[in-house]
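Trainee: Listed below are the residues making up each chain.
2 protein chains.
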Amino acid sequence: MPRFRDTSLLNSKPSVPRKDRKKNPKDIKRTIDPAALEMLDHTQECNIITAFDRWSAQQPQCAFGYQGICCRICFAGPCRIKSDEGPGSMGICGARDYTIVARNAIRMMAGGCSAHSDHAREVVNVVLHMCEGHAPDYKITDPQKLYRLADKLGVSREGKSDMELLKEVAEIALADFGKQDEKPLSFLWANLCEGRKQKYMDCDIVPRAIDREVVEVMHRTHVGVDADPINLIFGGLKCSLADVTGEQIATDFSDILFGTPKPVMSEANLGVIDPEKVNVVVHGHNPILSDMVVAAAKEMEEEAKAAGAAGIQISGICCTGNEVLMRHGIPLATSYMAQELALATGAVDVMVVDVQCIMPGIRNVAECFNTKIVTTIPISKIPGSYHIPFDESRAMDCAKEIIRLGIETFKVRKESGRPVKVPQIKSKCMAGFSLEALLDLFAAINPERPLRVLTDAIINGELLGVCLLAGCNNLEAIYEKSHTEIIKGLAQNNVFLVGTGCVMQAAAKHGLLTYEGVEKYAGPGLKAFIDRLYEANKDKLPDKLPLAFHMGSCVDNSRVFNLWNLMAEEMGVDVPKVPFVASAPEAMSEKAVAIGSWVLVNGIPTHVGTMPPLEGSNLVWSVVTCIAHDVFGGYFILETDPEVAVKKLVAALEYRAWKLRIHKKAAEEYGTELCQAF
Amino acid sequence: MPRFRDTSLLNSKPSVPRKDRKKNPKDIKRTIDPAALEMLDHTQECNIITAFDRWSAQQPQCAFGYQGICCRICFAGPCRIKSDEGPGSMGICGARDYTIVARNAIRMMAGGCSAHSDHAREVVNVVLHMCEGHAPDYKITDPQKLYRLADKLGVSREGKSDMELLKEVAEIALADFGKQDEKPLSFLWANLCEGRKQKYMDCDIVPRAIDREVVEVMHRTHVGVDADPINLIFGGLKCSLADVTGEQIATDFSDILFGTPKPVMSEANLGVIDPEKVNVVVHGHNPILSDMVVAAAKEMEEEAKAAGAAGIQISGICCTGNEVLMRHGIPLATSYMAQELALATGAVDVMVVDVQCIMPGIRNVAECFNTKIVTTIPISKIPGSYHIPFDESRAMDCAKEIIRLGIETFKVRKESGRPVKVPQIKSKCMAGFSLEALLDLFAAINPERPLRVLTDAIINGELLGVCLLAGCNNLEAIYEKSHTEIIKGLAQNNVFLVGTGCVMQAAAKHGLLTYEGVEKYAGPGLKAFIDRLYEANKDKLPDKLPLAFHMGSCVDNSRVFNLWNLMAEEMGVDVPKVPFVASAPEAMSEKAVAIGSWVLVNGIPTHVGTMPPLEGSNLVWSVVTCIAHDVFGGYFILETDPEVAVKKLVAALEYRAWKLRIHKKAAEEYGTELCQAF
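Each protein sequence line maps, in turn, to chains A and B. Position in the first sequence counted from 1, then plus 1, gives you the numbering used here. Position in the second sequence counted from 1, then plus 1, gives you the numbering used here.
Don't take each hint at face value.
For chains that are exact copies, the list does not tell them apart, and a pair is met inside one copy or across any two.
With a straight-line Cα cutoff of 30 Å, these simulated BS3-like cross-link-like pairs (lysine-lysine) come out [as the list claims (entries may be wrong)]:
#1 263 to 299
#2 153 to 20
#3 27 to 83
#4 660 to 545
#5 24 to 660
#6 528 to 299
#7 168 to 184
#8 578 to 666
Keep in mind that the hints were calculated from the coordinates and are not lab data. The structure displayed is predicted, hence computed values, not measured ones.
The task is simple: from the sequences and hints, build the whole structure.
Mentor: Take a look at the structure:
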């Protein structure tokens with residue numbers, strides 16, 4: 002039975018002071034990934050510049066920017082908070098540290114919300130065009146998901162064809178982007194437990210339209226508008242709720258189009274690149290492109306063989322890698338930080354990209370070889386690369402054109418006889434745990450109330466709670482070290498682990514998405530739980546269950562958002578009572594800032610392992626690390642040391658589990674239901 | 002007859018190298034405004050910190066940020082372009098100088114567009130609520146403007162009441178913010194000449210919805226999306242066209258609600274503050290608030306007198322000052338940079354603000370006295386100030402509450418006997434030149450084709466052309482020196498001057514919005530033109546016409562946008578053929594960046610007298626100063642020396658006038674109409 006031990010760990014300062022972070026800046030081998038280490042030797046030998054070199058060259062980084070107290074919002078500046086008092090303690094306009102830090106932070110949320118929601122808008126637009134007959138290569142792959150979505154939104158299904166129903170649902174989604182009334186967003190409201198709805202109304206942070214909230218953040222952070230840090234932060238949080246709405250829309254419609262993921266086996270790390278095959282790497286985020294590339298590759302296998310290849314090897318990087326991994330078992334080449342290292346193998350024929358997290362640096366590496374970079378989206382180009390506009394009305398043709406370029410490039414590569422350098426390192430992994438797939442596993446034990454399997458395991462102390470692992474790579478941390486250490490540390494403490502994004506790619510590469518991971522790292526409670534789940538499901542599973550459950554790409558954090566809201570409902574409480582935490586050990590992007598913010602506002606203690614630019618204001622710091630807890634239940638745990646981070650996350654879970662136990666005891670004594678005792 | 006003399010001045014580098022700008026940083030008296038100079042002595046004596054001190058304390062400013070080569074878009078950074086080659090020449094992700102500069106620049110456009118369009122959205126929402134009966138203190142003041150607007154948008158007026166018509170038109174405006182289709186924006190398309198429409202379609206920069214374009218800019222500038230500087234800039238320009246649409250909407254509906262401005266006399270500078278009266282300063286941007294405050298003050302004059310005051314003195318700062326100046330003759334206290342100096346007089350009882358350009362620093366100055374700062378808008382608060390939410394459903398009550406606070410404060414001020422310090426400096430000024438008012442002046446000479454009066458004067462060489470003066474204050478320049486010197490310099494060169502924003506406030510304060518200004522500074526052609534205009538209109542004008550024509554607030558740059566599009570149509574050409582330039586001598590805000598960008602893309606050579614963060618990339622620099630000319634006709638003239646700026650602006654106008662003359666000659670020789678010769 003868990004007990005609450007260490008209050009001192011809650012809301013404590015980071016264990017490593019600012020000046021002691023980023024040690025050994027000249028050591029570019031900041032990773033524990035054996036494939037990356039091998040490739041870094043190679044790139045150093047060949048004098049190929051990668052992000053690891055550039056990170057080193059950027060040290061020392063500007064301390065004003067790092068702490069968030071540099072303001073470039075108007076061009077009377079740049080202004081920096083240079084002193085604690087006097088005229089240098091403010092920007093030229095008089096903005097203080099707290100205003101500057103808060104403005105910068107919420108603009109990051111707006112950037113993240115824009116990225117996720119524009120991604121979602123593209124999916125919805127493809128859906129609508131498909132319904133209108135203009136995107137013939139797409140189809141409804143999972144009608145059941147559509148029905149569930151329609152039911153959740155309160156859309157009647159009677160007398161409607163699937164296409165008619167889908168169009169109606171898609172139009173509701175589109176309205177969430179652009180509507181100009183004050184009503185809550187349909188795709189947000191349909192997924193929140195009652196407690197959260199009330200909280201957001203009480204705090205006046207109910208978003209009205211996704212696009213509008215971005216504009217409002219940009220407006221209120223304009224020079225001479227909002228100077229109040231609390232008001233600014235609440236405005237940012239409202240925008241972050243628009244962000245999760247966009248993610249939800251992206252996930253829901255991607256599942257309808259391409260299928261809701263189910264457990265699937267694959268492999269991860271650079272060893273999946275096969276020099277004898279035509280290697281096409283899909284990189285970016287949106288399955289609209291990558292799913293079609295996977296389908297095209299299947300059809301063109303013979304064409305590749307005719308060109309002398311052993312076949313076509315599609316592999317993925319970043320979230321589009323996660324999308325095709327979870328739906329088609331396509332192997333992962335690597336994650337964000339090593340994207341250039343995949344190209345440095347010299348064995349990639351085409352890297353096709355859409356949007357987000359595509360390093361401009363890939364062009365330089367590709368130019369060292371015969372590798373073709375193909376951009377596909379009008380708003381995302383890289384000078385010096387190929388641009389093949391991805392046209393949804395002839396999606397399969399576009400995808401084939403890309404594969405064909407890969408086959409041609411393969412031929413040149415083979416003819417040139419140029420040696421390649423592929424590290425023979427890869428790990429087995431299991432992925433594909435959509436929320437539906439998870440519930441399906443639980444249902445084998447409790448068909449009536451599947452989630453009870455999880456909540457009961459927490460209430461009876463077998464599990465300490467659940468942790469979402471999400472986020473990016475950031476060389477402020479040693480690449481993939483924090484990811485893996487936190488997973489192992491939490492597993493030892495019997496925390497049920499779900500995850501998305503580049504964290505799950507690290508887990509996959511390091512063998513943590515396997516049962517071997519369970520055997521090595523799981524505490525007894527977690528192991529028993531996973532074993533029990535497997536026993537009940539073994540007939541339908543491709544392998545034994547893994548240590549961590551890969552729930553998808555970054556937008557699929559919406560699946561985890563659904564999970565904790567459903568757990569709250571199952572337990573009859575609001576989210577902050579659920580023993581659930583989150584960790585982004587190597588967060589980097591504005592999307593991560595947006596996600597972290599809505600996770601917080603959802604009531605989840607959220608660890609971030611790389612320092613967001615907040616340290617410049619004590620006020621903002623205390624708001625997001627302490628006061629947020631009192632208002633929303635969630636708060637940031639900003640801690641760069643992974644070992645300490647594990648302790649803090651465990652403390653946060655123990656605190657919730659301890660409260661839960663007390664409430665349970667009270668409920669038993671007074672003879673009430675647990676749910677009524679909260 | 003103008004001739005084109007000096008090609009060397011077109012597209013030349015700034016005359017002052019970067020290191021020689023911002024001289025004498027420790028001299029805080031960076032202004033030629035005599036009232037400001039007097040107050041700066043006073044603030045130094047009293048140890049009151051203002052923007053002038055803070056500017057000085059910020060020197061030297063970060064050279065990376067100043068040049069636009071600091072990237073804080075993700076938090077792997079901050080990254081700075083530290084060298085010309087090698088890993089330090091790129092950000093950690095591999096972004097080069099041109100990507101970083103372009104991303105930063107277009108995010109500024111998105112910030113400006115958000116500010117203007119959120120302002121416009123508020124006006125439209127008030128209009129809609131009024132139509133629905135929920136904003137009883139507002140009314141249709143100018144039905145003629147409504148009819149013209151309906152006609153322009155192609156909305157039938159038949160059988161509709163004014164309110165019904167207004168509602169229909171307002172709903173079209175609202176759709177421009179949030180619609181999700183690919184059609185052009187109604188309020189943009191209705192105001193463009195054919196040449197510009199075609200140009201924007203050719204360049205694929207037709208905005209689809211105001212909010213959506215902001216989101217797209219935020220998305221494409223997210224880490225790992227658009228790396229192509231040209232693509233980024235075109236994306237920004239599309240967003241800037243969304244910006245002018247927002248401004249157009251703000252202007253059109255403000256005119257309908259509060260009246261289309263007509264020539265009006267008033268006064269400007271701190272001397273308008275009367276210590277014997279209740280002084281209420283309106284500051285910010287949106288007439289929704291300020292117009293109601295003016296109305297409330299009129300009703301409460303007796304209440305103020307009963308409290309011992311000589312009356313109520315409303316005065317304005319920034320664009321809301323322009324709004325009430327042009328519609329009600331309310332005097333201007335001062336402009337952006339001196340807003341704190343107005344408070345330092347100790348004679349202001351209440352400063353009521355809404356959104357944009359409100360220095361957070363005003364709070365500290367107000368606290369030195371008994372002055373109350375009142376914020377009114379949920380997204381714009383200042384810690385330590387009063388917040389009276391401005392509720393449109395009881396607008397007059399809210400306005401009265403604010404005035405009443407002023408009366409109470411006045412009483413305390415008088416009782417305390419505390420001395421005040423008001424510089425006895427003010428200038429007479431004429432304002433209120435809406436486009437309609439200008440056309441009305443021209444119509445007295447040519448009732449059939451009023452604009453011919455202006456275009457003929459240019460074609461026959463009496464005028465060299467037209468210049469829009471717009472923009473902010475920025476202490477990189479000596480406050481109001483560049484504004485006034487450029488106005489005088491252009492006037493000497495017979496340039497017809499129209500203007501908005503803080504530039505026109507400088508002109509007002511320095512006596513340039515008077516006929517005395519014409520006598521002192523106008524070249525013979527300009528003087529003859531203004532005299533002729535006055536002679537034809539003297540019966541209906543309150544005074545002789547001024548040297549520069551004050552067309553309103555920043556959103557009223559839309560009036561000037563209408564002017565040059567109508568001139569182009571009148572001359573049968575596209576805008577780049579019209580001898581029209583623009584100058585923002587002391588630009589500072591993101592709104593100025595957005596405006597400058599759409600002015601450029603409209604085909605107008607645009608001088609900026611303070612350096613936007615572009616110098617870090619030679620590529621971006623050449624695009625916006627040279628290549629833009631070939632694509633759009635407009636381009637930036639980035640020049641910090643006002644004397645050289647005048648020469649460059651005159652050269653740009655002479656180039657256009659010279660081409661115009663050649664075309665005219667050709668037209669005459671071949672017997673065609675001028676319009677056909679272009």
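Trainee: Against each hint, give a clear statement of whether it holds in the structure.
Mentor: Hint check:
Taking CA atoms no more than 30 Å apart as the test, residue 263 paired with residue 299 passes inside one copy only; the shortest distance there is 20 Å, against 71 Å between copies. For a Cα distance limit of 30 Å, the shortest separation of residue 153 from residue 20 qualifies neither inside one copy, at 50 Å, nor across copies, at 62 Å. In this assembly of identical chains, the alpha carbons of residue 27 and residue 83 lie at most 30 Å apart whether taken from the same copy (28 Å) or from different copies (16 Å). With identical chains, the CA atoms of residue 660 and residue 545 are never at most 30 Å apart, being 34 Å at best within one copy and 79 Å at best between copies.
In this homomeric assembly, residue 24 and residue 660 never come within 30 Å of each other (Cα to Cα): the closest approach is 39 Å inside a single copy and 63 Å across copies. In this assembly of identical chains, the alpha carbons of residue 528 and residue 299 never lie at most 30 Å apart, being 38 Å within a copy and 77 Å across copies at closest. Proximity of residue 168 to residue 184 under the C-alpha cut-off of 30 Å is found in both arrangements, the shortest distances being 21 Å within a copy and 20 Å between copies. Taking the shortest alpha-carbon separations for residue 578 and residue 666, only the intra-copy value of 15 Å comes in at or below 30 Å, while the best inter-copy value is 83 Å.
The earlier numbered hints that this structure contradicts are 2, 4, 5, 6.
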